[in-house]
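Protein chains: 4
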Amino acid sequence: MDKESDSNLWFEEPYTEGLRFHYRVKKYVVARQTRFQYAEIIDLFAFGRTLFLDGKLQSAEIDEHIYHEMLVHPVMLMHPSPRNVLIMGGGEGATLREVLKYPVEKVYMVDIDEELVNMCKKYLPKWHAGSFDDKRSIILFQDARKFVEEYKGEPFDVVISDLTEPVEEGPAIYLFTREFYSTLKSKMSEDGVFVAQAGSAEYLYTEFISALSATLKDVFPQVYGYHDYVFSFQLNWAFLIASLKYTLPERRADMERRFDEIRDKVKYFTPEYFFAKTILPPYMKKSMTEGRVITDKEPYVWKA
Amino acid sequence: MDKESDSNLWFEEPYTEGLRFHYRVKKYVVARQTRFQYAEIIDLFAFGRTLFLDGKLQSAEIDEHIYHEMLVHPVMLMHPSPRNVLIMGGGEGATLREVLKYPVEKVYMVDIDEELVNMCKKYLPKWHAGSFDDKRSIILFQDARKFVEEYKGEPFDVVISDLTEPVEEGPAIYLFTREFYSTLKSKMSEDGVFVAQAGSAEYLYTEFISALSATLKDVFPQVYGYHDYVFSFQLNWAFLIASLKYTLPERRADMERRFDEIRDKVKYFTPEYFFAKTILPPYMKKSMTEGRVITDKEPYVWKA
Amino acid sequence: MDKESDSNLWFEEPYTEGLRFHYRVKKYVVARQTRFQYAEIIDLFAFGRTLFLDGKLQSAEIDEHIYHEMLVHPVMLMHPSPRNVLIMGGGEGATLREVLKYPVEKVYMVDIDEELVNMCKKYLPKWHAGSFDDKRSIILFQDARKFVEEYKGEPFDVVISDLTEPVEEGPAIYLFTREFYSTLKSKMSEDGVFVAQAGSAEYLYTEFISALSATLKDVFPQVYGYHDYVFSFQLNWAFLIASLKYTLPERRADMERRFDEIRDKVKYFTPEYFFAKTILPPYMKKSMTEGRVITDKEPYVWKA
Amino acid sequence: MDKESDSNLWFEEPYTEGLRFHYRVKKYVVARQTRFQYAEIIDLFAFGRTLFLDGKLQSAEIDEHIYHEMLVHPVMLMHPSPRNVLIMGGGEGATLREVLKYPVEKVYMVDIDEELVNMCKKYLPKWHAGSFDDKRSIILFQDARKFVEEYKGEPFDVVISDLTEPVEEGPAIYLFTREFYSTLKSKMSEDGVFVAQAGSAEYLYTEFISALSATLKDVFPQVYGYHDYVFSFQLNWAFLIASLKYTLPERRADMERRFDEIRDKVKYFTPEYFFAKTILPPYMKKSMTEGRVITDKEPYVWKA
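Just so you know, the sequences run in chain order A, B, C and D. Sequential numbering from 103 applies to the first sequence in my numbering. Sequential numbering from 103 applies to the second sequence in my numbering. Sequential numbering from 103 applies to the third sequence in my numbering. Sequential numbering from 103 applies to the fourth sequence in my numbering.
A hint or two may mislead.
Pairs involving identical chains hold if they fit within one copy or between any two copies, as the list cannot separate such chains.
What the hints assert, rightly or not - In silico DSS-like cross-links for lysine-lysine, where the CA-CA straight-line distance does not exceed 30 Å: (1) Lys203 - Lys388; (2) Lys289 - Lys158; (3) Lys369 - Lys237; (4) Lys228 - Lys387; (5) Lys388 - Lys287; (6) Lys347 - Lys129; (7) Lys224 - Lys319; (8) Lys388 - Lys367; (9) Lys369 - Lys405; (10) Lys228 - Lys388; (11) Lys223 - Lys129; (12) Lys208 - Lys405; (13) Lys347 - Lys248; (14) Lys369 - Lys387; (15) Lys228 - Lys347; (16) Lys399 - Lys287; (17) Lys248 - Lys289; (18) Lys399 - Lys237; (19) Lys158 - Lys203; (20) Lys128 - Lys228; (21) Lys128 - Lys399; (22) Lys367 - Lys254; (23) Lys237 - Lys367.
Treat the hints as calculated values from the structure; they're not laboratory data. Predicted model, so just to flag it, every value in this text is computed and none were measured.
Modelling step: build the complete structure from the supplied sequences, incorporating the hints.
See the structure below:
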């Protein structure tokens, strides 16, 4: 019996009522009930070190780079010269790490959960890779909506929404509404670009993408979807870009040129691959045309 | 408590030593130990009716169309006028169903497991949709290698390898070798096209794609990979095309034109989406350049 | 791999929030939502054919004889010549089977769930062993309380309470109260004997035994507890005897003598073993002295 | 959702191929691969702090006292004045704790696994309760067989075999043979008493008790079995006493008298309850008459 089969400790993630994932545990590293969520960091045989929030897998050593590169590089390249960047959420520090690969001046990372960020600092060094200590980083622990509403600094060239889904009574519920996006737009530069992780792109679960793309289209002139499969998520994942000035096609050549400058620093992303991922599966394409606009009055509440 | 949570019957699929999928069972329909494999048909809450072979999920009601459309339509469109088609494996009858959407003259389906095909006929009507009874279908229960070696009929325009992985002592082990593909080539028309389902396209499991693409490249002038995510497989899935005469780019315009004729009969596939899926993730692209050729002397043996 | 490990179908029984039993399934025989409960009959590798009600194991082929012999023989021997017997519950027919080993005249079996009894008749032949067709058996499908209240026939010599636990809104909730036992007493012969299966005798779960013994002591002059371990229950099990006239010690010699007449018909029970089982573990002894009386006004509600 | 349901960390114990126990984990305390076994100490919601060896539950906070009191007190009372005691195994220190409740002069505890004992010292303080530091305790880390063979001290009045089952290639395999028991007898006083934990007393698993009782009967004039149910073992458990001079019945009155002196120090055991537990279930009684003698040449090898 090899080492792997020796362990009979399992972490169980109920995906739906009818489907559960069971991960064999190598080491149960740490757990903490923060003010906002139950955070666990576990070494899994299947995925390496892995972060779970409220029992749901957030990111795993084995392929966090796929998620984070696919989230960050499209918008950082789409904007021709991003200097001032805002990350909402992004507790692990890996989104920040990717942003700092560009010659930006300032990156605000606004995450409501200080305890979580401290856990990540200590236990997920591969994720942040020292980015919290970069002198361009400004780390703030507060509600991102409040931060944006009160922000009076230079306009943001790029805004990245790396938030957990808007679950009932969760901290992210008013961070996906038309009202919030309107305010956000007013704090962006005129050629600003926005991206959001938009949850599962799965066949059966397109409701959130539908609503989120309808909402973004209500506020921004250009909205694009793309998707990629992240093995440890066991799911096709969706992302939405909203742009104030540029279209994606007109930016392609320049994106490829600028990518050459950071090519050696990324493991997975390429512009060619990204553009292929903007060709959506038919059901996802359709879902992006039929949602309802999310508002403060009728926020979107994530159904587990 | 809703209906779904009432049931405490679960089917467990060990994916690796460190990862297990647990599916809640709605109805355990039928199981049979055939001469070649242990076949189970189960109604799952998560995926609807589902076929398992030797405990591994093969195809599920919820998204078998994604797998079967992505397997069949690229090659049926790439060949300009397929009349004589060979399917190796394909027990459920869904590959056959997709092929018959075209005005072919004859489709040979050669599957070694008659008992399995009979189970599928009876319990998977949505899969075959009557295709076994189409007068163009010729269903043969025998070893595909023997069939190909002894075949003296008209050359095949399209050949589809819809086989299970070459597990140790399994029936498919000599259906992925250079020697077999050489024989197969000699039974194909000069503009013939071949496609194989090539197993998981996952980050960690690219060894089979590597070896299979090296082997096909050793026999056929043109080899292409593509991939797509199938939710019920919980995996990105790989496919390999081998072509004797045509390149994919030169065929694109005609493929789009011919697709218009069957567009109403498919649910998921489009040429545009397919071409996007030929842009591979970087690791998969790399894996297609570094494998060893599979031979009768050194066959590829699938590691679970 | 042997036959047993081939199957990956499991039935899961949550025993508490912190403990679950997983049984590998050989064959999922039948399931039915009756008017009163969700009944499943499953062939398990560990226990053979097994009946589950609302997901909880009720009796298993491997050791149902232990439970049923230990329930029935003590009271049937304690009463010197039982002719008229009442069974409340007992849907599988195995309690009836044990009673009919004695030369009784009539056995009333009153079970509220006709659909369940019909399932048991068809799928659990080893349990009833034809006892439903014995001409001494009178099978009635109705509420046992109503039956007892309206009963005007000959007094009962022996009454056996083979009911499921009094779960919230379940049919057994008013079958464990002082008021009911008082009525029952009035329908028993002056030397009548009563026995009830009293649930788990476990260290942590003695509350029901406490309350039930207090209630019986409030109505009957003699009350005795005994217990035995039933492997498939994964639990020490408790039984309570209430007697109108006889004490257990005074009956011992006659019980042993009468047992000789049926010795060949039982597999497990002996009077010597039974008397040893009336010596209770200290915590159970204590629990039988400290409960509160269950009344119609304050019925006992079983906590899962 | 209460605290208990928050945790999705489970420890899985395969009991047989067809039956698994799943314990929800409160805290995974410590694990160590010692020279002899894989030892894990885990806080379970169901049983409190629990020790597992090679994945099998050994003793749990909730009811270790049941096992240890039932193991130790019968022999310590059966011998009229034990002064010199030997414990073989007993790593947790709880057997030692029970022995030290009597006015003995010396207790040798011989356990082969020093690393395990050190873990227990540190993490199972309720088990040993300081007994390792009692000046009457002599703790030796070596093979018990070698110790006994070379022992030249005063004869042992009481010997307690608190060993794990003789699994293949395990350290206990030659500690259950006729040859070893003959040597052991020669190191005991003429009125010496021996007890062994004898594994599961379950219906289906009586082979070890059979063989062990046959072996003891071959060496000692008096052999007795008794059993008790230990909740956290999910099993009826068997014990065997072998006595050189006394019979159990002749000792009963004195045992009850001497028990009065330590009554306040025990939680569960009473002589009355113990004597009831020497009345065996019929199958166990039978199994004690039909085993084969275990020898060095043909040792007993435990089948999981």
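Now for the hints, and whether the structure bears them out:
| no. | hint | result |
| --- | --- | --- |
| 1 | Lys203 - Lys388 | between (35 Å within a copy, 24 Å between copies) |
| 2 | Lys289 - Lys158 | neither (32 Å within a copy, 52 Å between copies) |
| 3 | Lys369 - Lys237 | within (24 Å within a copy, 52 Å between copies) |
| 4 | Lys228 - Lys387 | between (35 Å within a copy, 25 Å between copies) |
| 5 | Lys388 - Lys287 | within (26 Å within a copy, 41 Å between copies) |
| 6 | Lys347 - Lys129 | neither (48 Å within a copy, 53 Å between copies) |
| 7 | Lys224 - Lys319 | neither (39 Å within a copy, 48 Å between copies) |
| 8 | Lys388 - Lys367 | between (35 Å within a copy, 18 Å between copies) |
| 9 | Lys369 - Lys405 | between (33 Å within a copy, 27 Å between copies) |
| 10 | Lys228 - Lys388 | between (38 Å within a copy, 24 Å between copies) |
| 11 | Lys223 - Lys129 | both (18 Å within a copy, 23 Å between copies) |
| 12 | Lys208 - Lys405 | neither (36 Å within a copy, 49 Å between copies) |
| 13 | Lys347 - Lys248 | within (26 Å within a copy, 62 Å between copies) |
| 14 | Lys369 - Lys387 | both (28 Å within a copy, 13 Å between copies) |
| 15 | Lys228 - Lys347 | neither (35 Å within a copy, 48 Å between copies) |
| 16 | Lys399 - Lys287 | within (19 Å within a copy, 64 Å between copies) |
| 17 | Lys248 - Lys289 | within (13 Å within a copy, 70 Å between copies) |
| 18 | Lys399 - Lys237 | neither (39 Å within a copy, 60 Å between copies) |
| 19 | Lys158 - Lys203 | within (29 Å within a copy, 42 Å between copies) |
| 20 | Lys128 - Lys228 | both (18 Å within a copy, 28 Å between copies) |
| 21 | Lys128 - Lys399 | neither (45 Å within a copy, 39 Å between copies) |
| 22 | Lys367 - Lys254 | neither (33 Å within a copy, 56 Å between copies) |
| 23 | Lys237 - Lys367 | within (19 Å within a copy, 58 Å between copies) |
When the structure is compared with the earlier hints, violations turn up for hints 2, 6, 7, 12, 15, 18, 21 and 22 and for no others.
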